[in-house]
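If you want the building blocks of each chain, they are given just below.
There are 2 protein chains.
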Amino acid sequence: SMSAVLLRRLARRLADAPRANQSIRPLSSATAAAREDEGSEKQRHHEKQWTSEWASAALGAGLGLSLLYGYCSTRRVHADAQKQPSISPSDPAFQVPTRADLPVYKREEVKKHGKGADRLWVTYKMGVYDITDFAGDHPGGDKILMAAGGAVDPFWALYAQHKTADVMETLETLRIGSLDPSEPAPVQTADASDPFSTDPERHPALKVNNAKPFNAESPAALLMDNFRTPNDLFFVRNHLPVPKTDLDSHRVRIEGLVHIEGVEVRKELDLSVGDLKKKYKEYEITSAVQCSGNRRAEMQKYKKVAGLMWEGYAISNAKWTGVRLRDVLIDLGVDPNDEKIRHVHLEGADVDPTGKPYGASIPFEKAMSPEVLIAYAMNDEDIPRDHGFPLRLIVPGVVGARQVKWLTLIRLSGEESPSHFQQKDYRVFSPAVQHGDELDWTTVPSIQDYPIQSAFCLPASGTTVDRGTVGERTVGVVLRDGFKIAEDKTVDVAGYAWSGGGRGIIRVEVSPDGGKTWYSAELEQDPDQTQDKMWAWTLFRASIPIPEGASAMDLVVKATDRSYNTQPESAAGIWNIRGLLHNAWHHVEVKIRG
Amino acid sequence: SMSAVLLRRLARRLADAPRANQSIRPLSSATAAAREDEGSEKQRHHEKQWTSEWASAALGAGLGLSLLYGYCSTRRVHADAQKQPSISPSDPAFQVPTRADLPVYKREEVKKHGKGADRLWVTYKMGVYDITDFAGDHPGGDKILMAAGGAVDPFWALYAQHKTADVMETLETLRIGSLDPSEPAPVQTADASDPFSTDPERHPALKVNNAKPFNAESPAALLMDNFRTPNDLFFVRNHLPVPKTDLDSHRVRIEGLVHIEGVEVRKELDLSVGDLKKKYKEYEITSAVQCSGNRRAEMQKYKKVAGLMWEGYAISNAKWTGVRLRDVLIDLGVDPNDEKIRHVHLEGADVDPTGKPYGASIPFEKAMSPEVLIAYAMNDEDIPRDHGFPLRLIVPGVVGARQVKWLTLIRLSGEESPSHFQQKDYRVFSPAVQHGDELDWTTVPSIQDYPIQSAFCLPASGTTVDRGTVGERTVGVVLRDGFKIAEDKTVDVAGYAWSGGGRGIIRVEVSPDGGKTWYSAELEQDPDQTQDKMWAWTLFRASIPIPEGASAMDLVVKATDRSYNTQPESAAGIWNIRGLLHNAWHHVEVKIRG
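From first to last, the protein sequence lines are chains U and X.
Read left to right, the first sequence gives residues 3 to 596 (my numbering).
Read left to right, the second sequence gives residues 3 to 596 (my numbering).
Same shape as in the complex, but just chain U:
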């Protein structure tokens, strides 16, 4: 069909696009040269049609393809996007036409065409579309299944800036009907006795680990689409119900300590979000946040652990805007070199049933570092309710548990916070401590800096790849420290790497054979950050050659940071009863067909 031909063409174009759009900091001039070769080779095979045509085509094929291949991940694309006329979603071009010639469906009917059904349907606004042929038509089409049986609207909302009339035109070729206009939109019924009933609505792509309190990881397949994770897809780790905070009435109380001739003087200040914006200079920082339980599910495979079974995606990366905690404290008269101040306590507006708030602390020296922000914006929007509206302390390089959301209190002290979450949680016992042992929490320090970490986002474990298909669709080259060694019969891999303390990722290596052979991956990093102060994560991508005759691959990734720290091979030396800080080599099993 015409539509199938169009889709195939779009798919091929898209398959080329992401590499050209990666804002990769070349590791070497050799790498840069290789990348130029790559460009010219592609030119021999394909028409080069980047930027606006490609972007519109992407959303034309729409739905899952826009999810499949990241294209708003980099500054280059952002810059391109700015050059395009921006079209608002309320523009007539985005209106779904009335189609009296097609049937009307109830939402219940659409739902039956979800994952596993013969025919796969999705809705967009009032339109109903059959994506079966589209999904089966290109590799990676399984991503579309995320929306199958329901609405694609929340997915499209992630990429709104790229929508064009073209997109809608292509989408309409898949139209099979309309939603019944007489059917009321589904509503949530609030239960006044449930403290979680006022929690915000969440994006359907989030992978829920626990509903109350809400804990969900980011969808692995979508994480690579954006260097800065969209707010809706940012992983959520709540300990308590989301508090009802108000922008105007919210206050953060600062309890400073000043020592004047040995006498301790307490200085206090209550600040609204408006006060912070008015009184202090604004700063931006891109910083990853990771839960200390990330990858716990893998540690569980080594030996039983206790806690939420996070896979590998309790990590996300965002741009945060706010004021420096340092500036506020100095304004209060605090001496940055005051040796009697050792810790900074933090509390949030989220409270347990007894009224006790979530609490944590960070070392005073870290609190006085320029990267620590009292943030009021996340990716240029107000911080969403799940992430701390209206104020969150951002402590780059440190574990998520200390980056207190719904921030209400900042208190200087000579001691660590007495909070349960500081004293009896988020501390990593030795592998010598077994389940049933009496736990002496004072024997282990509270987690602050995160150790080095990396994991694949793609492919998913258990994926089967077709040697031929893979070869056909693979573009670009495999680089081994800047040297081209293969162009085809490869499997594309991608993921994230990050280390605490601002230690930049200096390289990521991937292996097709469990760690015997290694290839260096290409890195995407924040160009505004140096290797010594790298708070943002690193995304990596590589095409790994499929070993001759292999019917399966044991893919491995591991990273190295600026201090040349690297990841342990397995959980054997880091296993701990709480399953915290699992950062062993990440393995993904892939089957090869053909």
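Hint data in this document are derived by calculation from the structure and do not stem from the laboratory.
Just so it is clear, the structure is predicted and the values come from calculations on it, not from any experiment.
Beta carbons are placed, not taken as given, at the ideal position from N, Cα and C, and that holds for glycine.
A portion of the hints provided could be inaccurate.
As the list claims (entries may be wrong) - Derived pair list, reagent style DSSO-like, types lysine-lysine, alpha-carbon separation capped at 30 Å:
| id | chain 1 | residue 1 | chain 2 | residue 2 |
| --- | --- | --- | --- | --- |
| 1 | U | LYS535 | X | LYS426 |
| 2 | X | LYS305 | U | LYS535 |
| 3 | U | LYS518 | X | LYS535 |
| 4 | X | LYS535 | U | LYS426 |
Unchecked claim - To spell it out: a stretch of chain U is covered by chain X in this simulated footprint if at least three of its residues, at any positions, have a beta carbon under 8 Å from a beta carbon of chain X; those stretches are:
| id | segment |
| --- | --- |
| 5 | 422-436 |
| 6 | 440-451 |
| 7 | 521-535 |
| 8 | 570-576 |
Stated by the list, open to error - Label-pair distances were calculated between CB atoms; the ranges are:
| id | chain 1 | residue 1 | chain 2 | residue 2 | range |
| --- | --- | --- | --- | --- | --- |
| 9 | X | SER199 | U | THR444 | 56 to 64 Å |
| 10 | U | GLY416 | X | THR175 | 55 to 63 Å |
| 11 | X | LYS306 | U | GLY416 | 32 to 40 Å |
| 12 | X | TYR304 | U | ASP196 | 33 to 41 Å |
Chain U is fixed; fit chain X onto it per the hints.
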């Protein structure tokens, strides 16, 4: 014999002593409690006779026992030592009596009684002693062999403060003769054409890897005797001949950079050691220095690497005294926040045949940190010639190669040092880079911070331990995170752990079975340093239970630092062609007898 009985009694006393003398910072109150139990248990078995009596007994048995069991490693012992009347080596008590009743030997004859001979002899001053029965009489007696066939004087010199008349009395019971007074003392002949001919004399216990330039590691068996490694035993890593420097005429040139309204102004200053001492405040810091090639010989076992085959003892720990580089630069008008200054170049007085000096650089931010010293003293003495006399830059937490010895130049810059040693050495390639590949040094950053490291000093690999003997001589308890679990049939292990960037060692675990089971070791740390600013190394000790029926043990050690970084299991992910920064789990194979 009377002497054998005396020696056995001394050996038993000594075997008890070291634990009581360890200045261990308890990790928990549970640990502290366990240590008290340990004390009372020992009291049941043995007379408690610490401090002066014990110390004199130790040197009475003398020779190797003083080397076998550390007793001047801690502040506690230092304090005790101060209470004792100090006896100078020139005191008559140290004079070896004339023994006309005993034969006279040539040095050549003594030499025949070295390691492997039937009878083992040593000399002290003009006395000749047969230590055969002594060496065979107690476990670990093999350490005495270090001196066998030669003089014990240089070993005794390491422990001079403990010598007493008692010591000499005991030593004399082993006397078999005297050196021939007519034989001239051996002299070194200097070869004027050899640039290394003016290198200093070295301690015979150093394990030489390369004679010219001189490279030698510390003797593993002696490293545990002192928290601060004696200057004579501190590992030596020279790239070039040791320069002939002079205390009075030596100058370090400081080339500062000041930016005044965007205009760069170069400020220069030549400072003598006297100037530094007069003009700036003096600071002390205990800091470990480690060669980036430490443990290369183990990486070689995984796969071929290039470089000096260091075992695990190219690391030592000393107290350094000097002035802060920061103070000198600020005095020169340098702005600590000057963003145009990025690096600090360093040069030494050691030059290659073309006259080019050794050079390196460190980041400006590190240079401005309070821990970085222009040092003029090492363990309260002038820095020895091999270690940089008269000035060495001490850059705690950073690899040894940047801590430039014989310091002559400090230059501020926007760029890294162009020195060969900064640009084309001391950078770690990916395991993807193979021998024969073209090397692009710009693709990998220069090593600064060291990753986490640990290794056993005792026992040596290949040691056979007798289950019974071991049980008999073992004192104290094995702790598993503060809980006592075994008292006997254990093997004592000890070693060091360290991490770069000031990241303190939060724990060290040891395993009897290749990493399946773990025990927490006791730690000895610098009580003046915190976990967030720990520049000194950590010494660890543990008694590991011998598994029932085991005929061999695969002992493993690995450490965890304040950022919860830990060591990789093997070289599989960190192997690199230059064999740098090997920090995999350290294994020692021990055979069990009986």
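For each hint, the structure was consulted:
no., hint, verdict
1, LYS535(U) <-> LYS426(X), "holds, 24 Å"
2, LYS305(X) <-> LYS535(U), "violated, 34 Å"
3, LYS518(U) <-> LYS535(X), "violated, 37 Å"
4, LYS535(X) <-> LYS426(U), "holds, 24 Å"
5, 422-436, "holds (count 6)"
6, 440-451, "holds (count 9)"
7, 521-535, "holds (count 4)"
8, 570-576, "holds (count 6)"
9, SER199(X) <-> THR444(U): 56 to 64 Å, "holds, 58 Å"
10, GLY416(U) <-> THR175(X): 55 to 63 Å, "holds, 57 Å"
11, LYS306(X) <-> GLY416(U): 32 to 40 Å, "violated, 54 Å"
12, TYR304(X) <-> ASP196(U): 33 to 41 Å, "violated, 57 Å"
Checked against the numbered hints given earlier, the structure breaks hints 2, 3, 11, 12 and satisfies all the rest.
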